[in-house]
Amino acid sequence: MSIEVRNLTHIYSQGTVFERIALDNVSFDVGPRDFIGIIGHTGSGKSTLVQHINRLLVPTSGTVIVNHIDINDKKVPMKEIVRRVGIVFQYPESQLFEETVYKDVSFGPKNLGYDDEKTDFLVRQSLEIMGLNFEEIKDKSPFELSGGQKRRVAIAGVIAMKPPIMILDEPTSGLDPVGREEMLNMIRDMNQELGICILLVTHSMDDVAQYADKIMVFSEGKLVKYGPPSEVFADSQFLANIRLDVPQSKSVLERLKEKGFDIDTSSYTTKDAAREILRVFGK
Amino acid sequence: MDNTIIKLENVSFSYESGDNPVKALDDVSISINEGEFVAIVGKNGSGKSTLAKLLNALLLPSEGVVLVDGMDTSDPENTIAIRKACAMVFQNPDNQMVATIVEEDVAFGPENLGLAPHKIRTRVDESLKAVMMYEFKDQKPHQLSGGQKQRITIAGVIAMHPKCIVFDESTAMLDPAGRADTLKIMHKLNDEGVTVIFITHYMEEITDADRIIVMGDGKVVKEGTPKEIFADSEGLKKLRLGVPEVVALGDLLREGGLDIPEGTLSEEELVEAICRLK
Amino acid sequence: MIKDVVIGQYYPTDSVIHKLDPRTKIMATLLYIVFLFLASNIWGYFAAMFFLIVVVIISKIPVGYVLRGIKGVVFIILMTLVFNLLWTPGEALYTIGPVTITREGVSASINMALRLVLLISGTSMMTLTTPTIQLTDGMEALIKKVPFLGKVSHEISMMMSIALRFIPTLTEELDRIMKAQKSRGADFESKNIVKRVKGYVPLLVPLFVSAFQRANDLAMAMEARCYHGGEGRTRLKILRYEKRDRIAYAVVLFAMAGIFATRFITYRLI
Numbered sequence: 001m002s003i004e005v006r007n008l009t010h011i012y013s014q015g016t017v018f019e020r021i022a023l024d025n026v027s028f029d030v031g032p033r034d035f036i037g038i039i040g041h042t043g044s045g046k047s048t049l050v051q052h053i054n055r056l057l058v059p060t061s062g063t064v065i066v067n068h069i070d071i072n073d074k075k076v077p078m079k080e081i082v083r084r085v086g087i088v089f090q091y092p093e094s095q096l097f098e099e100t101v102y103k104d105v106s107f108g109p110k111n112l113g114y115d116d117e118k119t120d121f122l123v124r125q126s127l128e129i130m131g132l133n134f135e136e137i138k139d140k141s142p143f144e145l146s147g148g149q150k151r152r153v154a155i156a157g158v159i160a161m162k163p164p165i166m167i168l169d170e171p172t173s174g175l176d177p178v179g180r181e182e183m184l185n186m187i188r189d190m191n192q193e194l195g196i197c198i199l200l201v202t203h204s205m206d207d208v209a210q211y212a213d214k215i216m217v218f219s220e221g222k223l224v225k226y227g228p229p230s231e232v233f234a235d236s237q238f239l240a241n242i243r244l245d246v247p248q249s250k251s252v253l254e255r256l257k258e259k260g261f262d263i264d265t266s267s268y269t270t271k272d273a274a275r276e277i278l279r280v281f282g283k
Numbered sequence: 001m002d003n004t005i006i007k008l009e010n011v012s013f014s015y016e017s018g019d020n021p022v023k024a025l026d027d028v029s030i031s032i033n034e035g036e037f038v039a040i041v042g043k044n045g046s047g048k049s050t051l052a053k054l055l056n057a058l059l060l061p062s063e064g065v066v067l068v069d070g071m072d073t074s075d076p077e078n079t080i081a082i083r084k085a086c087a088m089v090f091q092n093p094d095n096q097m098v099a100t101i102v103e104e105d106v107a108f109g110p111e112n113l114g115l116a117p118h119k120i121r122t123r124v125d126e127s128l129k130a131v132m133m134y135e136f137k138d139q140k141p142h143q144l145s146g147g148q149k150q151r152i153t154i155a156g157v158i159a160m161h162p163k164c165i166v167f168d169e170s171t172a173m174l175d176p177a178g179r180a181d182t183l184k185i186m187h188k189l190n191d192e193g194v195t196v197i198f199i200t201h202y203m204e205e206i207t208d209a210d211r212i213i214v215m216g217d218g219k220v221v222k223e224g225t226p227k228e229i230f231a232d233s234e235g236l237k238k239l240r241l242g243v244p245e246v247v248a249l250g251d252l253l254r255e256g257g258l259d260i261p262e263g264t265l266s267e268e269e270l271v272e273a274i275c276r277l278k
Numbered sequence: 001m002i003k004d005v006v007i008g009q010y011y012p013t014d015s016v017i018h019k020l021d022p023r024t025k026i027m028a029t030l031l032y033i034v035f036l037f038l039a040s041n042i043w044g045y046f047a048a049m050f051f052l053i054v055v056v057i058i059s060k061i062p063v064g065y066v067l068r069g070i071k072g073v074v075f076i077i078l079m080t081l082v083f084n085l086l087w088t089p090g091e092a093l094y095t096i097g098p099v100t101i102t103r104e105g106v107s108a109s110i111n112m113a114l115r116l117v118l119l120i121s122g123t124s125m126m127t128l129t130t131p132t133i134q135l136t137d138g139m140e141a142l143i144k145k146v147p148f149l150g151k152v153s154h155e156i157s158m159m160m161s162i163a164l165r166f167i168p169t170l171t172e173e174l175d176r177i178m179k180a181q182k183s184r185g186a187d188f189e190s191k192n193i194v195k196r197v198k199g200y201v202p203l204l205v206p207l208f209v210s211a212f213q214r215a216n217d218l219a220m221a222m223e224a225r226c227y228h229g230g231e232g233r234t235r236l237k238i239l240r241y242e243k244r245d246r247i248a249y250a251v252v253l254f255a256m257a258g259i260f261a262t263r264f265i266t267y268r269l270i
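Chains as they are written, first to last, in my numbering: chain C, 1 to 283; chain A, 1 to 278; chain G, 1 to 270.
Here chain C stands alone, though its shape is the one from the complex:
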């Protein structure tokens, strides 16, 4: 499954005094099995963008092609789109509504018209992918779970539709540090083991540095940078200009270079940075 976005523009309240350009002529390709980190300030257009990938928003102009299908073609039913693209909004636990976890997770598969057997399989599988014990949790009310469990059940509800492309908007907000790491690891597993293409929207430079294959940087409605982390982080001055930070480890390397160390500043993960510093010291 690939995504091709061409000249995508979205203008809110066009023709009124409230007119605001949220996306300005954005074009990019995403390959199957990619893990993309999408980064930018609040209001930079990243949330508007992801809602175009499954027709929740219709472009003012431009096209979105998902696996060779123009998703804004009126003849394509919404069901065919949600089958391909799953989206997990920020605080997804607020969309839980059923009496039991099982029923809630099966909402998506049922809507796609899957039979009981297939639904059962999908519910079980997706709860397990999210690290939950199927037997233990399936008959519980989603409202009596802890915050972290609710979040996982809600995400399982999207995974259960088996979308080859998944968009996650700030899935770690409000979790404790280990909870954040666990969540990101589960997302990485979905990408590496199940081959799901991931679009992760986040504010955290450190998270995209550690997990994403490629990074999109949005600023004022434009896609200003798109490439592997090493390339995106190479120009820290550019990132600073649009008020984004580079990962701390990278910035330590750059400071050391300024102090006269003969050091390669291209690493951006904690481990690689440590390795590079140790190399300089001959250890």
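Hints listed in this document are in silico derivations from the structure and should not be mistaken for laboratory results. Accuracy of the hints is not assured; some may be wrong.
Unchecked claim - Straight-line C-alpha distance at most 16 Å; calculated EDC-like pairs for lysine to aspartate or glutamate:
| no. | chain 1 | residue 1 | chain 2 | residue 2 |
| --- | --- | --- | --- | --- |
| 1 | C | Lys257 | A | Glu267 |
| 2 | C | Lys259 | A | Asp138 |
| 3 | A | Lys238 | C | Glu181 |
| 4 | C | Lys257 | A | Glu272 |
| 5 | A | Lys140 | G | Asp217 |
| 6 | A | Lys278 | C | Glu258 |
| 7 | C | Lys271 | A | Glu255 |
| 8 | C | Lys283 | A | Glu267 |
| 9 | C | Lys271 | A | Asp251 |
| 10 | C | Lys79 | G | Glu189 |
| 11 | A | Lys237 | C | Glu181 |
| 12 | G | Lys179 | C | Glu276 |
| 13 | G | Lys237 | A | Glu267 |
| 14 | G | Lys151 | G | Glu231 |
| 15 | A | Lys278 | C | Glu182 |
| 16 | A | Lys278 | C | Glu276 |
| 17 | G | Lys198 | C | Glu276 |
| 18 | A | Lys84 | G | Glu189 |
| 19 | C | Lys283 | A | Asp251 |
| 20 | C | Lys74 | G | Glu189 |
| 21 | A | Lys237 | C | Glu182 |
| 22 | A | Lys53 | G | Glu172 |
| 23 | A | Lys238 | C | Glu182 |
| 24 | C | Lys259 | A | Asp251 |
| 25 | C | Lys110 | G | Asp187 |
| 26 | C | Lys257 | A | Glu268 |
| 27 | C | Lys259 | A | Glu272 |
Claimed, not checked - Residues of chain G clear of chain A, computed beta-carbon distances all greater than 10 Å:
| no. | residue |
| --- | --- |
| 28 | Ser15 |
| 29 | Met27 |
| 30 | Ile53 |
| 31 | Val63 |
| 32 | Thr80 |
| 33 | Leu93 |
| 34 | Ile96 |
| 35 | Val152 |
| 36 | Phe188 |
| 37 | Arg225 |
Quick reminder that beta carbons are idealized off the backbone N, C-alpha and C, glycines included.
With chain C fixed as given, assemble chains A and G onto it according to the hints.
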């Protein structure tokens, strides 16, 4: 004179859940001095938020005593005075705003205290200026960003002239810019003498705190300066907590044989430490 | 989208009407409604219309905004027009097949339509010139004077103000939940009524859960800010009648007397 502002003595708190009571806090004793900046961290469900609500008489202890500015929270006569002395900013700014106009919202606290209108006006104006939101005073809250909204709720609390402010995960729902602004205001208030108690999941935010209290399963597990607390990354990991990235990098370098002092918390310190080894 | 509805939303200008005390405007609107119903012929509506036009001119609000409120009820106005036109018995004017249009019918339908238009544009003048917070304050002050209700005036106005405060928040929330469920294949546009009604469960349950959560949080936040009911509470802004309010009251009473006097005009236009 004793300058303790908050004192918890052997405090426990249980709430009913189904048939059996759940112990959210278990024999906690804490003492916080006036003017301190204290951070409280712990995994989800470790009792941090319960603790915060006890400091404001929103919850009363099942056992033990909570003293705020010398007043016992379990005496209903003290409730208003306690809430005036020790104010609270919560997580979701949307759920703390009462009025449809910014300045009216800031006025809510002073209005409840029964101050004269001209006094309320002065306090509203000075509080909005303190959080750099004065020019937004006539706007509607729902037109502001998350960070701006949280600054308004902080102004609403400052307007009550509290001695102590509890920030209960007040940065959790904000973007990095909003978080940085909120943190800056917290430190500014602390410099002006307000005691700050800050509950958070973000370890990078508390490297400047005077003291960190680590909670786990309703108990105080550890207490110390940031240097002391972050020296033990392994222990923190066991409590589902982490360390700031700089500390993690320092740890890796130490493991690799470089002599980086424990408790190196900021980029500057780490870079200096490495330069010294050259 | 639901957010974009602007009927009767505050429209700021620097007019003297905007500066009037909200109580003056609420009372004037109430009087206006009462006298609109006391008017018994078209002259009364002309008088009311004259009064309203003068108010609109002074308020400096574009006529389009004032009329926007009528858009929503155009259908009802047309219906009353047609019903009155066709089914009022009386002296026949025209007969087209089985349909007879009477003199009384024409007069009644014109009167009804005028009354509705005047009623709606008149009340929207109040909301267009007064911010909601002032409206609730004004109502609180006025309700205080009403026996029985006086005791709960603070609670009533607090409820109104909180409701107004949370409408945009909950609208956004609903929008978000709707998008989330749509992405899970929920169908809100089904032609089948049963399916459609069932389709709203995944929206309403989360919305109510969230509303209760918010109410809970808000109650706690209010308590933490020393809220303890209306007793001993002061206000940032205190309502005070100015000279312009006394003049406004005099003008309104004079105008209302004028509208009332038209009852005695016997000359019929139709």
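Each hint tested on the structure:
1. Taking the CA atoms of C:Lys257 and A:Glu267, the gap is about 14 Å. The hint holds against a cut of 16 Å.
2. A C-alpha spacing of about 50 Å is found between C:Lys259 and A:Asp138, which places the hinted pair above 16 Å, so the restraint is violated.
3. Between the alpha carbons of A:Lys238 and C:Glu181 the distance comes to roughly 13 Å, so the proposed pair stays at or under 16 Å and holds.
4. Restraint check for C:Lys257 and A:Glu272: satisfied, since their Cα atoms lie roughly 12 Å apart, inside the 16 Å limit.
5. Taken as a hint, the A:Lys140 and G:Asp217 pair is broken in the structure, with Cα atoms around 20 Å apart against an allowance of 16 Å.
6. Distance check on the hinted pair: A:Lys278 and C:Glu258 sit about 14 Å apart at the alpha-carbon level, within 16 Å; holds.
7. In summary, the hint linking C:Lys271 to A:Glu255 is supported, as the alpha carbons are separated by about 12 Å, within the 16 Å threshold.
8. Restraint check for C:Lys283 and A:Glu267: not satisfied, since their Cα atoms lie roughly 22 Å apart, outside the 16 Å limit.
9. About 10 Å separates the Cα atoms of C:Lys271 and A:Asp251, which keeps this hinted pair within 16 Å; it holds.
10. Distance hint between C:Lys79 and G:Glu189 is fulfilled; the C-alpha atoms sit about 12 Å from each other, no more than 16 Å.
11. Straight-line distance between C-alpha atoms of A:Lys237 and C:Glu181 comes to about 11 Å, which keeps the hinted pair within the 16 Å bound.
12. A distance of roughly 46 Å separates the Cα atoms of G:Lys179 and C:Glu276; the hinted pair therefore is violated under the 16 Å criterion.
13. Straight-line distance between C-alpha atoms of G:Lys237 and A:Glu267 comes to about 49 Å, which puts the hinted pair past the 16 Å bound.
14. A C-alpha spacing of about 11 Å is found between G:Lys151 and G:Glu231, which places the hinted pair at or below 16 Å, so the restraint holds.
15. Of the supplied pair hints, the one linking A:Lys278 and C:Glu182 is violated, its CA atoms being roughly 37 Å apart against a limit of 16 Å.
16. Between A:Lys278 and C:Glu276 the CA atoms are separated by roughly 15 Å; this keeps the pair inside 16 Å, and the hint holds.
17. Between G:Lys198 and C:Glu276 the alpha-carbon distance is near 59 Å, which puts this suggested pair outside the 16 Å criterion.
18. Between the alpha carbons of A:Lys84 and G:Glu189 the distance comes to roughly 52 Å, so the proposed pair goes past 16 Å and is violated.
19. This hinted pair checks out: C:Lys283 and A:Asp251 have alpha carbons roughly 15 Å apart, not beyond 16 Å.
20. With a C-alpha separation of about 14 Å, the suggested pair C:Lys74 and G:Glu189 falls inside the 16 Å cut-off, and the hint holds.
21. Restraint check for A:Lys237 and C:Glu182: the C-alpha separation of about 12 Å stays at or below 16 Å, so the hint holds.
22. For the suggested pair A:Lys53 and G:Glu172, the alpha carbons sit about 29 Å apart, so the restraint of at most 16 Å is broken.
23. For a cut-off of 16 Å, the pair hint linking A:Lys238 to C:Glu182 stands: about 14 Å separates their Cα positions.
24. For the given pair, C:Lys259 sits about 21 Å from A:Asp251 by alpha-carbon distance, which is inconsistent with the 16 Å threshold.
25. Straight-line distance between C-alpha atoms of C:Lys110 and G:Asp187 comes to about 12 Å, which keeps the hinted pair within the 16 Å bound.
26. Annotation: proposed proximity of C:Lys257 to A:Glu268 holds, straight-line Cα distance about 13 Å (limit 16 Å).
27. At roughly 9 Å between alpha-carbon atoms, C:Lys259 and A:Glu272 fall within 16 Å of each other, so this suggested pair holds.
28. Distance check on G:Ser15: its Cβ is at least 17 Å (rounded) from any Cβ of chain A, clearing the 10 Å threshold; non-interface status holds.
29. The claim that G:Met27 lies off the interface holds: its Cβ sits roughly 22 Å from the closest Cβ of chain A, which is beyond the 10 Å cut-off.
30. For G:Ile53, the requirement that its beta carbon stay farther than 10 Å from each beta carbon of chain A is met, with the minimum near 30 Å.
31. Here G:Val63 stays apart from chain A, with its beta-carbon at least about 26 Å from theirs, past the 10 Å limit.
32. For G:Thr80, the requirement that its beta carbon stay farther than 10 Å from each beta carbon of chain A is met, with the minimum near 35 Å.
33. Taking the minimum C-beta to C-beta distance to chain A, about 52 Å, the non-interface status of G:Leu93 holds against the 10 Å cut.
34. The Cβ of G:Ile96 lies farther than 10 Å from every Cβ of chain A, with a closest approach of about 54 Å, so its non-interface assignment holds.
35. Listed as outside the interface, G:Val152 is consistent with that label: its C-beta sits roughly 18 Å from the nearest C-beta of chain A, beyond the 10 Å cut-off.
36. Distance to chain A confirms G:Phe188 as a non-interface residue, since its nearest Cβ pair spans about 24 Å, more than 10 Å.
37. Annotated as non-interface, G:Arg225 brings its C-beta within 10 Å of a C-beta of chain A; the closest such distance is 4 Å.
Checked against the numbered hints above, the structure breaks hints 2, 5, 8, 12, 13, 15, 17, 18, 22, 24, 37 and satisfies the rest.
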